[in-house]
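Just need the whole structure built from these sequences, with the hints factored in.
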Amino acid sequence: MATHNNKNPNKDGLWKKDLESLGASIVIEAADVRNKQDVINLRNQILSIMPPIGGVVNGAMLQSNCFFSDMTYDALLKVLEPKVDGSVVLDEVFSTDDLDFFLLFSSISAVVGQPFQANYDAANNFMAGLVFQRRARNLPASVVHLGPIIGLGFIQNIDSSGGCEAMVSTLRGLNYMLVSERELHHILAEAILIGKSDEPPEIITGIETDTNNRTAESRSQSEFDIDAIWNRRVESSTPKGRLDPHSWLALAL
Numbered sequence: 001m002a003t004h005n006n007k008n009p010n011k012d013g014l015w016k017k018d019l020e021s022l023g024a025s026i027v028i029e030a031a032d033v034r035n036k037q038d039v040i041n042l043r044n045q046i047l048s049i050m051p052p053i054g055g056v057v058n059g060a061m062l063q064s065n066c067f068f069s070d071m072t073y074d075a076l077l078k079v080l081e082p083k084v085d086g087s088v089v090l091d092e093v094f095s096t097d098d099l100d101f102f103l104l105f106s107s108i109s110a111v112v113g114q115p116f117q118a119n120y121d122a123a124n125n126f127m128a129g130l131v132f133q134r135r136a137r138n139l140p141a142s143v144v145h146l147g148p149i150i151g152l153g154f155i156q157n158i159d160s161s162g163g164c165e166a167m168v169s170t171l172r173g174l175n176y177m178l179v180s181e182r183e184l185h186h187i188l189a190e191a192i193l194i195g196k197s198d199e200p201p202e203i204i205t206g207i208e209t210d211t212n213n214r215t216a217e218s219r220s221q222s223e224f225d226i227d228a229i230w231n232r233r234v235e236s237s238t239p240k241g242r243l244d245p246h247s248w249l250a251l252a253l
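Residues in the sequence shown are numbered from 1 upward in steps of one, following full-length UniProt numbering.
The set of hints was computed from the structure by calculation and includes no laboratory data. C-beta atoms are modelled at their ideal positions from N, C-alpha and C, and glycine is treated no differently. One thing to keep in mind: the hints can contain errors.
[What the hints assert, rightly or not] In the SDA-like style, the derived pairs of lysine to any residue whose C-alpha atoms are separated by at most 20 Å in a straight line are:
1. Lys-16 / Lys-196
2. Lys-78 / Leu-62
3. Lys-78 / Phe-116
4. Lys-196 / Asp-98
5. Lys-78 / Arg-137
6. Lys-78 / Phe-68
7. Lys-196 / Gln-133
[Claimed, not checked] Cβ-Cβ distance ranges computed for the label pairs, FRET-style:
8. Leu-22 / Pro-52: 15 to 23 Å
9. Glu-181 / Ile-28: 16 to 24 Å
10. Phe-67 / Thr-96: 38 to 46 Å
11. Ala-75 / Ser-25: 37 to 45 Å
12. Ser-25 / Phe-67: 22 to 30 Å
13. Gly-13 / Glu-81: 25 to 33 Å
In structure tokens form, the structure reads like this:
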């Protein structure tokens, strides 16, 4: 496993030690996913010290929220580049590797839309388009429109007014379903499995499907675990290669 970040990565995290205790070899390096030469250098370094590359994931996330009418060009590029340019660079640099998966992390907001995240939604939808293009080239690819993750990551580390609790309350008010770390692991596994399959490459997570007489505050953590529904478009009786937009598979974790 190799991971890269254009900031200062934490090379001694507990998660790293836990995985290494199970026999994983982990390399953490700083690189700019938008810079093709940076990624080429990283790939060459990985190949010189590790086994052949099995898969690539782009989990880049930058936000600059405002209404589109107030958005500056710099704010647009800031959000687009890691997901758009970064995904294109990864596609090009690893195009000759025999990958088991090529996974791009999008957001549920790309599906439902947010009026103050036009740049973010556009970047995520580009990812989905690139995934379908790779499939057309007979290359592995999948995209996860990920719901809000609770317990770790961006939301957990919010330090603005109200912090994490305020953000969670807002998301629940929008009928978003919170995704736990355990559920994220299942979603990741499914995304990897469909990467080289004939199944449609999109996974959509984090949409509340049952809001009748149930508030998010009244639901226990076990209910969140059991009722963590995530949907993937599937081919049913439609002709090969065509997708019925009304055909959905709902899976309960």
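Comparing the hints with the structure gives:
1. Lys-16 / Lys-196: Distance of about 28 Å is beyond 20 Å: violated.
2. Lys-78 / Leu-62: With Cα atoms ~7 Å apart, Lys-78 and Leu-62 stay inside 20 Å; holds.
3. Lys-78 / Phe-116: With a Cα-Cα distance of about 15 Å, the restraint between Lys-78 and Phe-116 holds, given a limit of 20 Å.
4. Lys-196 / Asp-98: holds, 11 Å
5. Lys-78 / Arg-137: violated, 29 Å
6. Lys-78 / Phe-68: Given that 20 Å is the threshold and the Cα spacing comes to 14 Å, the pair holds.
7. Lys-196 / Gln-133: Holds, at about 14 Å.
8. Leu-22 / Pro-52: 15 to 23 Å: holds, 21 Å
9. Glu-181 / Ile-28: 16 to 24 Å: With Cβ atoms ~19 Å apart, the hint holds.
10. Phe-67 / Thr-96: 38 to 46 Å: holds, 42 Å
11. Ala-75 / Ser-25: 37 to 45 Å: Once the Cβ atoms are compared, 39 Å apart, the range 37 to 45 Å for Ser-25 and Ala-75 holds.
12. Ser-25 / Phe-67: 22 to 30 Å: This hint is violated: roughly 46 Å between Cβ atoms.
13. Gly-13 / Glu-81: 25 to 33 Å: holds, 26 Å
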